[in-house]
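Undergrad: So the sequences go chain by chain: A and B. Position 163 of the first sequence, counting from 1, maps to 163 under the numbering used here, and the rest follow consecutively. Position 201 of the second sequence, counting from 1, maps to 538 under the numbering used here, and the rest follow consecutively.
Keep in mind that the hints were calculated from the coordinates and are not lab data. The structure displayed is predicted, hence computed values, not measured ones. Where is the CB? At the ideal position from N, CA and C, for every residue including glycine. Each hint should be verified, as a subset may be incorrect.
[To be verified] Reference listing, derived: stretches of chain A covered by chain B, where coverage requires no fewer than 3 residues with Cβ under 8 Å from a Cβ of chain B:
(1) 49 to 55
(2) 121 to 135
(3) 248 to 262
[Stated by the list, open to error] Take a look, some chain B residues computed to stay more than 10 Å from chain A by CB distance:
(4) Gly346
(5) Val347
(6) Leu365
(7) Glu398
(8) Leu437
(9) Leu438
(10) Leu449
(11) Gly468
(12) Ala571
(13) Ala575
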Amino acid sequence: MIEVSRLTKCYMTHERGHTLREIAANLIRRPVREVRAVDGISFSVDRGEIVAFLGPNGAGKSTTLKMLTGVLHPTSGEASVMGMVPWRQRSAYVKRIGAVFGQKSQLLWDIPPIDAFYMNKAIYGVPEPAYRRTLDQLVELLDVGELIRKPTRQLSLGERMKCEFIMAMLHQPDLVFLDEPTIGLDMIAKERIRGFIADMNRQGVTFILTTHDLDDVEALARRAIVINRGEIVFDDELHVLRSRLGGRKAIRVTTETPLPDSPLPGVEIVRRTHALEADIEIDTAVLPLKRLIGELNDRYGIHDMSIEPLSIETVIKELYLGPVEQESAASTAGRSE
Amino acid sequence: MIGVLACIGVVLRTKLAAQMAYRSHFVLSVLLLIVGDLIVPMITVLVYRSGASLPGWTLHEALLVQGIFGLAKGIAFPLFFGMVGATLSQVREGTFDLLLLKPRPTLFMTMLSGIDPDDFGRLVSGGVLFGYAISGIPSPSPVQWLLFAAWFLASLAVLFAFSLLLSGLLFRWVGSSRVYDIFDSVTSFGMYPGTIYAKSFQQLLTYVIPVGLIAFVPASTLLGRAGGGYAWAAASAALFLSVGVFYWHRMLRGYTSAGG
């Protein structure tokens, strides 16, 4: 469905100083600097996938998404989405895609969402029967029957986000770009939105999900592409990402006597939640679980204990920070070859 | 075409509904626009009452120019001049991206997003002034009315070209509200009969920056004073519009969006 090859986007930015002298000098001459926001990335996405597109702030995620939605022209490289080049066949292309931006609303603040839906119906040229059928289906799925007739400004953030999804899906797109779709939402609203995305995906809609909320990723995506400083540093299934954690486990333990800062070799105290309770991380390759339990019990007396696999957040953090970056880049290069 | 008209109809209705959410603001805006647009004509009346005049033009004739200017703005501002404000705010905030995601020409979407029913107040003030001015001049013939209609379309084309040039400028001068001052300064020459200016300046206002086409030439047609020389002015309006369309699209290509 999506084929991206060596996509690059550079832009010029003005460099400004902060002292009075630098500001005055800027009136006469403003030095410019080239920023390579996206640096020759290549990847592909199959129909029906939900792919998480991750990266730290300023990594190039939004720029990539803007090129893939036809908003920006790339500096170089190629992309073909559903057989079209987004920035060259924009009008025909955008008819088949949808987009939800957690921080940019398509609704109209002072009037009910239903009016904005009608506006989109006219702009997309959706025939009345198809519009009615899709709207009814979406309203039922998201349970917003009453809400769509209330002024947008009176809706909660979660209710507004549900309406943003209706706005993006009314013309029945095959591919939807989601940029932070659950930002600022409470757990219940997040669950509802995730359920909706999963439902739509089961009906064949492909999603590209950009988010900093890794719970969204774990709940929805099977595959992740991680971008950092404009380059792809990981592109594979989530379980591969998890396997990078090796035998590391997260353990919450309550002991009878307080744990010291370095209780045992291979054990790291991540956080103390209480004098006698701590979150620890162990590397089972250094200290097998059976030995850890025995030694902890002997030395400090285990009162309570829960063991969980390390969250994906840990490995993502490592990818963002860089130590694994070189190795990952090599594996990504191998995969794209 | 039906789809385009349907879009304009739906957006007009939606924007009107949005205005109705704050009815007092809407009413006040319309009233202030009517009053604001009548200030220059009132000064013109005061000038004539004091015994002075615009050489060669009676009070009603001078007010006809200003009435047509008001009528042209009364159509241009609510329907398409709002694209300047839309570009100003949306390019700065990065929400212009949302217009690019719609399956219609970006220029049309920008125009739609700038539709502002408030500005129909200008149509009221222009209409009142036009009616008053017409009542004080000899009745134009049907041919003169037809020619007037054609020149009035040229007037709208010139205002559309101004909208395009200013809106296009805002892709580079991000967030600069000074473009309105540029517009006011340049077009204010069009509120007076062209013959009061020096010949060379008159030529400039007719053929180069065709501000004279907004009201002076259409008014001259109704008064039976338009000569054949103005035919070139029509070409100038068409050229000005083409330059506007070309420039706008050229500037759109430089749109870089805002940070994500």
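Undergrad: Taking the hints in turn, state whether each one holds.
TA: These are the hints, each one checked on the structure:
For a cut-off of 8 Å, the count of residues in the segment 49 to 55 of chain A with a CB near a CB of chain B stands at 0, and the three-residue condition is violated. Check result for the segment 121 to 135 of chain A against chain B: holds, 5 residues qualifying (beta carbon to beta carbon below 8 Å, three or more required). Counting residues of the segment 248 to 262 of chain A whose C-beta lies closer than 8 Å to any C-beta of chain B gives 0; at least three are required, and the coverage claim is violated. Not every C-beta of chain A lies more than 10 Å from that of Gly346 of chain B, the closest at about 8 Å, which undercuts listing it as non-interface.
Listed as a non-interface residue, Val347 of chain B fails to keep its Cβ farther than 10 Å from every Cβ of chain A; the least gap is roughly 4 Å. Taking the minimum C-beta to C-beta distance to chain A, about 16 Å, the non-interface status of Leu365 of chain B holds against the 10 Å cut. Against chain A, the non-interface label of Glu398 of chain B holds: every CB pair exceeds 10 Å, the least being about 44 Å. Once the 10 Å rule is applied to beta carbons, Leu437 of chain B is inconsistent with being away from chain A; the minimum gap is 5 Å.
With a least CB separation of 5 Å from chain A, Leu438 of chain B falls inside the 10 Å interface cut-off, contrary to its annotation. A beta-carbon of chain A is positioned within 10 Å of the beta-carbon of Leu449 of chain B; the least distance is around 8 Å. The beta carbon of Gly468 of chain B is kept farther than 10 Å from every beta carbon of chain A, the shortest such distance being approximately 34 Å. Every CB of chain A lies more than 10 Å from the CB of Ala571 of chain B, the least distance being 32 Å, so the non-interface label holds.
With a least beta-carbon separation of about 26 Å from chain A, Ala575 of chain B lies farther than 10 Å from that chain, consistent with its non-interface assignment.
Hints 1, 3, 4, 5, 8, 9, 10 from the list above are not met by this structure, while the remaining hints are.
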